[in-house]
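Use the sequences and the hints to build the structure in full.
Chains as they are written, first to last, in the working numbering: chain C, 1 to 325; chain S, 1 to 344.
Simulated from the structure, these hints should not be mistaken for laboratory data.
Everything numeric in this text was worked out from a predicted model, so none of it was measured.
Keep in mind that the hints are not guaranteed to be accurate.
[What the hints assert, rightly or not] Computed, partial: chain C to chain S, Cβ under 8 Å: (1) G142; (2) T180; (3) T189; (4) P240; (5) E243.
[What the hints assert, rightly or not] Per label pair, the in silico range of CB-to-CB distance: (6) G49(C) - S214(S): 31 to 41 Å; (7) G43(C) - L180(S): 21 to 31 Å; (8) L331(S) - K278(C): 16 to 26 Å; (9) A107(S) - E321(C): 45 to 55 Å; (10) Q21(S) - G43(C): 51 to 61 Å; (11) R47(C) - A205(S): 38 to 48 Å; (12) D55(C) - E330(S): 34 to 44 Å; (13) E294(C) - L331(S): 32 to 42 Å; (14) G53(S) - S202(C): 48 to 58 Å; (15) D282(C) - T198(S): 51 to 61 Å; (16) L331(S) - F281(C): 26 to 36 Å; (17) A310(S) - E19(C): 51 to 61 Å.
[What the hints assert, rightly or not] The following residues of chain S were derived to be distant from chain C, with all beta-carbon distances above 12 Å: (18) R28; (19) A301; (20) I312.
We put the beta carbon where it would ideally sit given N, CA and C, even for glycine.
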Amino acid sequence: MPVIPFKQAIRQAMVEEMERDESVFLIGEEVGEYNGAYKVSEGMLARFGPRRVLDTPISETGFAGLAIGAAMCGLRPIVEFMSWSFSFVCFDQLMNNAANIRYMSGGQFKLPIVFRGGNGIAHQLAATHSHRVDALYARVPGLIVVAPSTPYDARGLLKTSIRSDDPVIFLESEIVLNETGEVPDAEYTLPLGVADIKRPGSTVTLICWSKMVKLCLNAAAELEADNIHAEVIDLRTLRPLDEQTILESIRKTHRAVIVDEDWPYCGMGAGIMTRIYKKAFDHLDAPIARVCSEDTPVPYSHPLEHAMQPSVEKVIAAVKEVCYV
Amino acid sequence: MAVVNQVQQPTDLPETSLSPQETRNCLRMMMLIRRFEERTYREYTKPGHHIGGFCHLYSGQEAVAVGLAAIYHQGKDYLINGYRDHGHALALGMEPRAAMAELFGRATGCSKGKGGSMHFFQAQLGNLGGHGIVGGHIPLGTGAAFACSYKKNAGVCFTLFGDGALNQGAFNESMNLASLWKLPCIFICENNGVAMGTQVVRSSAENDLAKRGSAYAMPCKNVDGNDIDAVISAAREAADRARAGNGPSYLVMNTYRFRGHSMSDPLQYRTKDELERARQNDPILIYEKRLRSRGIIDDAALQQIEHEVADIVNDAVLFAENSPYPDLSELYTNVLSETYPLQK
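In structure tokens:
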């Protein structure tokens, strides 16, 4: 099976869907002539031309809103945000327009649109360019939030996202973009709203997604030395949440650690914990632990930036805490 | 602080190619909207709270909505609007029953009781809605125009907003994008002189609002928004240009709202004198006088129209009152299109 980078898998999905459906187009800053700020859309302008691969001015509100209007009128836009941190400039478009119009109109309009781009802490980009928007959008009814961790998942999930009639927030960790993985040549799609067990185990459940999956797999490998067999659940979709896979795992392991690149307060982990406590409290042998980034803005200096984030060591410590070892 | 029509209006009276029947229909629609809005005011202020929330009335600005509807290509064109949206919805052809029922929060409303006064939608007629955030819908208008251009179907999008929206980034980003890509978008500022309670002179460094579009390489024009013939003529010119692939235009329809910003507005920022002068420029009176002088209507015809629109509005209120509230299960419907897990 070919081994390709995550960003190439994203490109494959976009190219395939644009070949398949004339109403799909790509719009964003530097997606065309520059071939994408992170080279995700490399070669797409040459392939599809300027009608379907549109370079925009630096106008997030203008082009995100334009895409929403186009989606209301039957097109299927893919909007690339150079960084999800820039989506705050057009928060109104996502929160008020993309998420609400179907509901507010009594179901008269569907919003088939994908917003995708780099998310999270990368390499020393400091506070304004390092936001993790996962929980911000995952709490909004009317949106779907997808955050894949592997090239294989990215391609299959993005294809389904483009075919969905709902607005999808598609989060690509800027760190994961260059990581590689096996992706078959043959076309496939993957379901939205279904988690994936990336490593089966019996002692503790590690709940994670996106960039944190690799971290958790590394921690799980090290924990084997202590005879702790961690099950790693990659949520893949944050909204809607695949509760079933989480609960089944906890009924087996009786312990859980949620690993999140975002801040702790009001984060994804808080929402996931509530659901676990509500539906599987009696199955737990220890309080659920959370590993998050520190409750500070993201610093520039490398050692500080590293210390701010979850690490293999922090995950191992949290696992040992819930296992009482 | 008189700001009504402070900008010089074009003086030549434009000819429109409407037939006598069409002009009568325009007058009738303007009268229907006025009657609908004034009745809404009464229903809102009645004890019993039939209508809740924010409610922004269109009385005084009818010439704009009705003029645009007169040149609107149904099935091809789109219209999108801010929150003062009742008049446009009716002018495009929404049943007054569905409009009033929406205000009453009933299941039979145009948005199934989920949108309310600020969110009248009618997909079937290309009405992309009323929108509650000032200026937030303008990019959507460029998007609808983009879709027309992408599909090459010669449709246009009439994108309406108030004078307050000019000071939002969304307006400026949209004007730039639409002109850059020659999108068939007609940007229409309904300048009623005051954004909630803040007059144009207190919010815009440039008081001639047409000039606010001058950086975007498109035709920019002041129009007498109280004169439906002027509205039709300017809008038709802009639409023809857009349909021919020559890009957007920006029209400032200078008009006046007789009522407050919303129902809670005591109108302390206006003088009696100002309102009296505006009443002289009532778009309905202006048009009525013109149609009389052309021999298209007379007292009897006018009286008949008045009876008709009164009956329609009474019927709409009765319909709304007798309609059921949405079933509580409706709370959870229309959030998403798909059922998840989803695989396609």
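Hints versus structure:
Hint status for G142(C) relative to chain S: holds, with the closest Cβ pair at about 6 Å, below 8 Å. Annotation: T180(C) was flagged as interfacial toward chain S, and the flag is violated, the nearest CB pair being 25 Å apart, outside 8 Å. For T189(C), the interface hint holds, since its Cβ comes within 8 Å of a Cβ in chain S; the closest pair sits about 6 Å apart. With a least beta-carbon distance of about 5 Å to chain S, the hint placing P240(C) at the interface is held under the 8 Å criterion.
For E243(C), the suggested interface contact is broken, since its CB lies about 11 Å from the closest CB of chain S, more than 8 Å. At roughly 32 Å, the beta carbons of G49(C) and S214(S) sit within the given window of 31 to 41 Å. The hint said 21 to 31 Å for the Cβ distance between G43(C) and L180(S), and at roughly 24 Å that hint holds. Evaluation of the 16 to 26 Å hint for L331(S) and K278(C) yields a pass: the beta carbon distance comes to about 20 Å.
Between A107(S) and E321(C) the beta carbon distance is about 53 Å. The supplied range of 45 to 55 Å therefore holds. For the hinted restraint 51 to 61 Å between Q21(S) and G43(C), the CB-CB distance of approximately 58 Å keeps it satisfied. Here the CB-CB span from R47(C) to A205(S) is close to 46 Å, well matched to the stated 38 to 48 Å. The supplied range of 34 to 44 Å is met by D55(C) and E330(S), whose beta-carbon atoms lie about 42 Å from each other.
A hinted range of 32 to 42 Å for the beta carbons of E294(C) and L331(S) is consistent with their spacing of about 39 Å. Hint check: G53(S) to S202(C), Cβ distance near 54 Å, so the stated range 48 to 58 Å holds. Judged by the Cβ atoms, the range 51 to 61 Å given for D282(C) and T198(S) holds: they are separated by roughly 59 Å. About 27 Å separates the C-beta atoms of L331(S) and F281(C), a value consistent with the hinted range of 26 to 36 Å.
A310(S) and E19(C) have their C-beta atoms about 58 Å apart, which keeps the hinted 51 to 61 Å range intact. Look at R28(S): its CB is around 27 Å from the nearest CB on chain C, clear of 12 Å, so calling it non-interface holds up. Once the 12 Å rule is applied to beta carbons, A301(S) is consistent with being away from chain C; the minimum gap is 36 Å. No Cβ of chain C comes within 12 Å of the Cβ of I312(S); the nearest lies about 23 Å off, and the non-interface call holds.
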